[in-house]
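Undergrad: Sequence:
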Amino acid sequence: MGKIQCKYRLDGVTDHGVILRASRKGEPLYPFEGGGIREAILNREGAYFYLFHDGWTPLDVAYKMNYNLRARSRDLIHWEKQGVQLTGARKAHPDQSPADRFDYYCRVSPWIYQEDGVYYMFYIGSRGQMPDSTPEVPYATLLARSDSIEGPWHPVTEEPGKSKHVCFPLRPGSFYSDTACAGHVMRNPKWRGEGDPDHYKYMMFFGAASMEGELTRGIGIARTNDLNATDDFDKAEGNFWHIDEKPLAPLEDDVENSSVYYEASTGTWYLFTNHIDPTNTYTDAIWVYWTQDTDCWNPANKAVVLDKHNTVAVKGAIGMPTVLKLDDHTLAMAYDGAEGEDYSHMNRSICLATIRLPLVAPNAATR
1 MGKIQCKYRL DGVTDHGVIL RASRKGEPLY PFEGGGIREA ILNREGAYFY
51 LFHDGWTPLD VAYKMNYNLR ARSRDLIHWE KQGVQLTGAR KAHPDQSPAD
101 RFDYYCRVSP WIYQEDGVYY MFYIGSRGQM PDSTPEVPYA TLLARSDSIE
151 GPWHPVTEEP GKSKHVCFPL RPGSFYSDTA CAGHVMRNPK WRGEGDPDHY
201 KYMMFFGAAS MEGELTRGIG IARTNDLNAT DDFDKAEGNF WHIDEKPLAP
251 LEDDVENSSV YYEASTGTWY LFTNHIDPTN TYTDAIWVYW TQDTDCWNPA
301 NKAVVLDKHN TVAVKGAIGM PTVLKLDDHT LAMAYDGAEG EDYSHMNRSI
351 CLATIRLPLV APNAATR
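Residue numbering for the sequence shown follows my numbering, starting at 1 and increasing by one per position.
Don't take each hint at face value.
Claimed, not checked - Below, simulated EDC-like cross-link-like pairs (lysine to aspartate or glutamate); rule was C-alpha separation at most 16 Å, straight line:
{"hint": "1", "residue 1": "K308", "residue 2": "E341"}
{"hint": "2", "residue 1": "K64", "residue 2": "D15"}
{"hint": "3", "residue 1": "K308", "residue 2": "D15"}
To be verified - What follows is a list of derived Cβ distance ranges for each label pair:
{"hint": "4", "residue 1": "D60", "residue 2": "G195", "range": "54 to 60 Å"}
{"hint": "5", "residue 1": "A62", "residue 2": "E245", "range": "28 to 34 Å"}
{"hint": "6", "residue 1": "T266", "residue 2": "A62", "range": "27 to 33 Å"}
{"hint": "7", "residue 1": "A313", "residue 2": "G128", "range": "43 to 49 Å"}
{"hint": "8", "residue 1": "K91", "residue 2": "N298", "range": "40 to 46 Å"}
{"hint": "9", "residue 1": "D234", "residue 2": "R145", "range": "47 to 53 Å"}
{"hint": "10", "residue 1": "K91", "residue 2": "S344", "range": "45 to 51 Å"}
{"hint": "11", "residue 1": "G193", "residue 2": "D60", "range": "21 to 27 Å"}
{"hint": "12", "residue 1": "Q292", "residue 2": "A236", "range": "25 to 31 Å"}
{"hint": "13", "residue 1": "P94", "residue 2": "P358", "range": "16 to 22 Å"}
{"hint": "14", "residue 1": "D75", "residue 2": "G195", "range": "43 to 49 Å"}
{"hint": "15", "residue 1": "R145", "residue 2": "R171", "range": "24 to 30 Å"}
{"hint": "16", "residue 1": "G173", "residue 2": "P299", "range": "21 to 27 Å"}
{"hint": "17", "residue 1": "E212", "residue 2": "E237", "range": "36 to 42 Å"}
It should be emphasised that the hints constitute simulated quantities derived from the structure, not laboratory data. Even for Gly, the Cβ is constructed at its ideal location relative to N, Cα and C.
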């Protein structure tokens, strides 16, 4: 897997390097993120940019976990760290077993969708950890809610009788048998209003993986009419999001994660994602796919956005991208990575690139 290459490169990309580093020893947040920060997810509300990112426990701290933290900025360069937002359920329920909760070990990588005054946070849960504090597969998507982007956040799994709830279960024999990671959530552009019999109202582009035989990864599409839909992870059927039968792109592309931008001037949707290096299984580049039909993505329509050839500081693992429009001329893209040729999970920082708008597909075929 992972041997497919891009024919094109996206024009107008400028990398600005590191904008946020992990806390150093002696600083207040060191126990929660001193081992590195990653999984940068950008949001904007009012005068502030909000950066949700995962923190890795440093190796010299005995109680190892992954945490989700938040930082706030007015300019994407100067950040105010605001502390831990989510922590694994075992902090509050040490007497329980990982079998009881899919987010027992961690609640990380939260994607936020706001509607009617409610903030929906779709996050990744894991029931185990590796020796370096890496969350252990399998991963599932879970839900928390708040009335403010600054929280507090209330996971559904803390509600009575819902400790086992996920947004959709893993399916043996499918392309998401071992991983169904939360991704970009948006209103379905084809939805025609309440009662539409043909289209679901919302779409999520989630990261999928299967370890049944050869490891495969890709992007799946989940759909729902109810953002609150969750049910027990060990149910075959329930109040779950509906999953498209096939992934968005061929599994041979070997990509994961998603962030979607719509270019209104051309009616084109762009999905930014990570490509996997086939020699070491780490993400080594950010790719983008484009289409004018969100239900149909031509795998030939993809391009390299960022790799070691156009980064300032990160030349090894290049982590999950998220994009956010700044103005009519600029698209911001946050991602994580360690400076130098470092492919480890730990010791990463958050970086920023900008992309010139309007986006122009590198080839003429957009369907």
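Undergrad: Each of the hints needs a verdict: does it hold here or not?
TA: Tested hints:
1. K308 to E341: 9 Å, holds
2. K64 to D15: 33 Å, violated
3. K308 to D15: It holds: about 11 Å lies between the C-alpha atoms, which stays within 16 Å.
4. D60 to G195: 54 to 60 Å: At 58 Å between Cβs, range holds.
5. A62 to E245: 28 to 34 Å: 45 Å, violated
6. T266 to A62: 27 to 33 Å: About 54 Å separates the Cβ atoms of T266 and A62, which means 27 to 33 Å is violated.
7. A313 to G128: 43 to 49 Å: Violated: the Cβ-Cβ distance is about 32 Å, outside 43 to 49 Å.
8. K91 to N298: 40 to 46 Å: 45 Å, holds
9. D234 to R145: 47 to 53 Å: At 23 Å between Cβs, range violated.
10. K91 to S344: 45 to 51 Å: 25 Å, violated
11. G193 to D60: 21 to 27 Å: 56 Å, violated
12. Q292 to A236: 25 to 31 Å: 36 Å, violated
13. P94 to P358: 16 to 22 Å: 52 Å, violated
14. D75 to G195: 43 to 49 Å: 44 Å, holds
15. R145 to R171: 24 to 30 Å: 26 Å, holds
16. G173 to P299: 21 to 27 Å: 23 Å, holds
17. E212 to E237: 36 to 42 Å: 21 Å, violated
The structure fails hints 2, 5, 6, 7, 9, 10, 11, 12, 13, 17 (numbered hints given earlier, in ascending order).
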